Amino acid sequence: MKIVNDLNLKKQAEELGVSVWRTPSFLSIVLGAISILSMNGVYHAAKFIGDNPRLIIISEIVVVLIVLAIGKLTINQMEEMAKLNKMKSEFISVASHQLRTPLSAIRWQTEIMLDKLSDGLDEKQKEKITNIDSLTARMTRLVNDLLDVARIDQGRFKLKIKEVEINTVIKKILNEVAIPLGEKKGVGVSFDGNCDLTVMADEEKIDLVFENLLSNSIKYTLEGGKVSINCSLKDGMALFEVKDTGVGIPETQQDQIFAKFFRSSNVVRYQTEGTGLGLYIAKSVVEQLNGKMWFESKENVGTTFSFTLPLKK
Amino acid sequence: MRSITRKNMGKKILIIEDEETLNKSIADFVVAEKFEVINSLDGESGLEMARKELPDLILLDIVLPKKDGYEVLDELKKDEKTKDIPVILLTNLESQEDIVKAFEKGATTYLVKSDYKLQDVVKKIKAALGMI
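Note that the protein sequences, when read in sequence, are chains Y and S.
Taken in order, the first sequence gives residues 1 to 313; the numbers are from the working numbering.
Taken in order, the second sequence gives residues 1 to 132; the numbers are from the working numbering.
Derived by calculation from the structure, the hints in this document are not laboratory data.
Computed from a predicted structure; not experimentally measured.
Any given hint might turn out to be false.
Stated by the list, open to error - Calculated lysine-lysine pairs in the BS3-like style (CA-CA distance at most 30 Å, straight line):
no., chain 1, residue 1, chain 2, residue 2
1, Y, LYS124, Y, LYS185
2, Y, LYS313, Y, LYS292
3, Y, LYS184, S, LYS123
4, S, LYS105, S, LYS117
5, S, LYS123, Y, LYS160
6, S, LYS24, Y, LYS124
7, Y, LYS158, S, LYS123
8, S, LYS123, Y, LYS171
9, Y, LYS234, Y, LYS172
10, S, LYS126, Y, LYS171
11, Y, LYS162, S, LYS105
12, Y, LYS260, Y, LYS226
13, S, LYS105, S, LYS123
14, S, LYS126, Y, LYS116
15, Y, LYS219, Y, LYS128
16, S, LYS117, S, LYS77
17, Y, LYS234, Y, LYS312
18, Y, LYS162, S, LYS117
All chains should be modelled from the sequences, with the hints used to inform the complete structure.
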């Protein structure tokens, strides 16, 4: 059987293999039926031919050839799908780059209006322009997420691994993102400040992981709820937990939570904004840094996302 | 604040950006900050303008008609008259390869357009000119 050596192709094939397993394609069903029928045929033939060694060898060769043909067809099908997936990622990458230029132009025009030409605007006009500004910022974030996903799928998500002091990273994300977002939403964000760990990671990407997890937790926690960050050591790795008292993930949908574009049914009710890419990106980043990510969740009680990263040697 | 404004006067910025709306947006903002601005919509005329006008700083896009940003940067750094002019690359390309290539060729700063507000671009201009 052909070995898929290209790591990227292999990753995509594995990813596609999972979806094929969940939803068998027409071709897989036909191939499965052929193999069952051929096994059945060989069994009956064996009974008929009795102890004739020559006929037994021939029938065994027929079975081996059928199995090889099925294997070849399946690999071809997987390669074809991997190729299509690659083309899709390249399309996303090009389209996202093209989208960024007009988005930058819109953002800069609104900035000029609000910053340099605001004297001529009344409050209503300022409010409308501010809305355009924040919606454009949201669209830019979406395009950036799509670009990250395309890079991950193409195996082009480059990491600059160095020593990273986690206390500094968490404090920065808390001050710049989590605390302002929590205040706006009425959700308490806490961190005991005791995370004196140095890990081997890409600082920018770790920022992204904490930002994605914290902003998700705050978004999906109702007013008056709490979000906390903890860190500790586990099996020689640094362990981080982002815990919330939010809406939780329905048990029936928990196996899909890290899939691209997936958003659970209950969070869509609470928050319409969201791409379903944040957790996919966060998990991919952590795994590329040789860590693991998992979660525990109970609907209407809360969720804890945990991940590990290698410590500085 | 006033002293900064006075200081900005007379500093000439060359903007080489093919997207007219973006070029004009940057120019409007930078002029409002009391800088003098000259601009070009392609790499070839931008390079000519740099040699002729000798600006204090150049804002340079990478994907440009006629000559791309890297070619412009190469020629600026080869020319005795222009080699010391700080060049800020302002682009929507953000791959690691592009960033490394830009710094190897002598860029002073590398900014991804969609990540920066114009006021941050102005801060970077002032920093590159040693004004803050």
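Distance restraint between LYS260 of chain Y and LYS226 of chain Y, which requires alpha-carbon spacing of 30 Å or less: holds, 27 Å
Restraint status (C-alpha distance of LYS184 of chain Y to LYS123 of chain S at most 30 Å): Holds: LYS184 of chain Y and LYS123 of chain S sit about 29 Å apart, inside 30 Å.
Restraint check for LYS105 of chain S with LYS123 of chain S, where alpha carbons must lie at most 30 Å apart: holds, 23 Å
30 Å Cα cutoff - pair LYS126 of chain S, LYS171 of chain Y: holds, 28 Å
Given hint LYS292 of chain Y paired with LYS313 of chain Y - CA-CA distance at most 30 Å: holds, 18 Å
Satisfaction of hint between LYS123 of chain S and LYS158 of chain Y, Cα-Cα up to 30 Å: Holds. LYS158 of chain Y to LYS123 of chain S sits at ~28 Å (cutoff 30 Å).
Satisfaction of hint between LYS116 of chain Y and LYS126 of chain S, Cα-Cα up to 30 Å: Holds - the C-alpha atoms of LYS116 of chain Y and LYS126 of chain S are around 18 Å apart, at most 30 Å.
Given hint LYS105 of chain S paired with LYS162 of chain Y - CA-CA distance at most 30 Å: holds, 25 Å
Hint consistency between LYS117 of chain S and LYS77 of chain S [alpha-carbon to alpha-carbon, up to 30 Å]: holds, 28 Å
Hinted pair LYS24 of chain S and LYS124 of chain Y, Cα distance within 30 Å: holds, 26 Å
Holds or violated: LYS162 of chain Y to LYS117 of chain S, with C-alpha atoms at most 30 Å apart: Judged against 30 Å, a Cα distance of about 29 Å means the pair holds.
30 Å limit on alpha-carbon distance, applied to hinted pair LYS123 of chain S and LYS171 of chain Y: Answer holds: LYS123 of chain S to LYS171 of chain Y is near 24 Å, not above 30 Å.
The earlier numbered hints are all upheld by this structure, with none contradicted.
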